[in-house]
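Using the sequences plus the hints, can you model the full thing?
What the sequence shown shows, in the numbering used here, is residues 1 to 225, in sequence order.
Heads up, some of the hints might be wrong.
Unchecked claim - Label pairs and their computed distance ranges (CB to CB): (1) 146 - 58: 12 to 20 angstroms; (2) 82 - 157: 40 to 48 angstroms; (3) 71 - 15: 20 to 28 angstroms; (4) 91 - 122: 37 to 45 angstroms; (5) 15 - 152: 33 to 41 angstroms; (6) 106 - 158: 30 to 38 angstroms; (7) 79 - 34: 38 to 46 angstroms; (8) 2 - 159: 36 to 44 angstroms; (9) 53 - 117: 30 to 38 angstroms; (10) 44 - 114: 30 to 38 angstroms; (11) 78 - 9: 32 to 40 angstroms.
By construction, these hints were calculated from the structure, which means they are not laboratory data.
Small disclaimer: the values here were computed from a predicted structure and weren't measured.
The beta-carbon is built from N, C-alpha and C at its ideal position, and this holds for glycine as well.
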Amino acid sequence: MRLSEFVSLLEEIAPPEEALDLDEGRIGLVLDRGGDVERVAVSLDPTDHVLSEAGRIGADLLITHHTLFFDPLTRISQTLSSSLKIALLSDLSLYVMHTNLDRAPGGINDVLAEILGLRDVEACEIGRIGKIETPCELEDFATLVSESLETHVRWVGDGIVERVMVVGGSGFGSEVHRYGVRNERGRSRIRRASPQRDPLCPGSWLIAHRCHALCDRESWNEAPL
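Next comes the structure, spelled out in structure tokens:
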């Protein structure tokens, strides 16, 4: 299949126009080598190791959730030039699906909601809101999340959890918090990354992540499970 045809399929799954403004210029076919696509590699991040492995297995296209280009290219750093060298020598194209995949039907947040067994799921901003099968204490729900996602979690707050808002990634952005306040929903929030330093939102927070360095850098307090 031609690369352009494959890209059209990806855009049907997660239309680029559904991405948040922060992704402008950072998603889609960010490295276009043209040609045909026979083998595709998928990863969270386009690290040098991932790019090398994609080249080693003979992939024509690497699809990642996070981009290789976070800033406009006014200069190419040593780190970026190293990554580009690996990709170009491997004749590897790179396609990025970020918040458009988070928001897409069947995307990241829908998968999170499904894994956690949420019912009556509704779309909200970038996340999803749903009900858990049986209301329970936050601590018990934290255990459920830890087991379901096979990772450790951090949680803050207490009380009974009935409705849950899930947000893949950091969920940075006050519009997410305002949504929770306006609708008085989501007595617990699950994050796959880091929390806001001062979230102005009622209820409890539950965070499933591995961002120790970021928490240390930002002086965030953590409540380990």
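Hint by hint, here is what the structure shows:
Roughly 37 angstroms separates the CB atoms of residue 146 and residue 58, a value that falls outside the hinted 12 to 20 angstroms. Taken as a hint, the range 40 to 48 angstroms holds for the pair residue 82 and residue 157, whose Cβ atoms sit roughly 43 angstroms apart. Taking 20 to 28 angstroms as the suggested C-beta distance range, the pair residue 71 and residue 15 conforms, at roughly 24 angstroms. Residue 91 and residue 122 have their C-beta atoms about 44 angstroms apart, which keeps the hinted 37 to 45 angstroms range intact.
Here the CB-CB span from residue 15 to residue 152 is close to 34 angstroms, well matched to the stated 33 to 41 angstroms. A hinted range of 30 to 38 angstroms holds for the C-beta pair residue 106 and residue 158, which are about 34 angstroms apart. The given range of 38 to 46 angstroms is broken by residue 79 and residue 34, whose C-beta atoms sit roughly 25 angstroms from each other. Checked against the given bound of 36 to 44 angstroms, the beta carbons of residue 2 and residue 159, roughly 54 angstroms apart, lie outside it.
Between residue 53 and residue 117 the CB atoms are about 34 angstroms apart, so this pair conforms to the stated range of 30 to 38 angstroms. Distance hint check: the CB atoms of residue 44 and residue 114 are about 19 angstroms apart, inconsistent with the given range 30 to 38 angstroms. As the Cβ distance of residue 78 to residue 9 is approximately 35 angstroms, the hint placing it in 32 to 40 angstroms holds.
The structure fails to meet hints 1, 7, 8, 10 from the earlier list, while all remaining hints are met.
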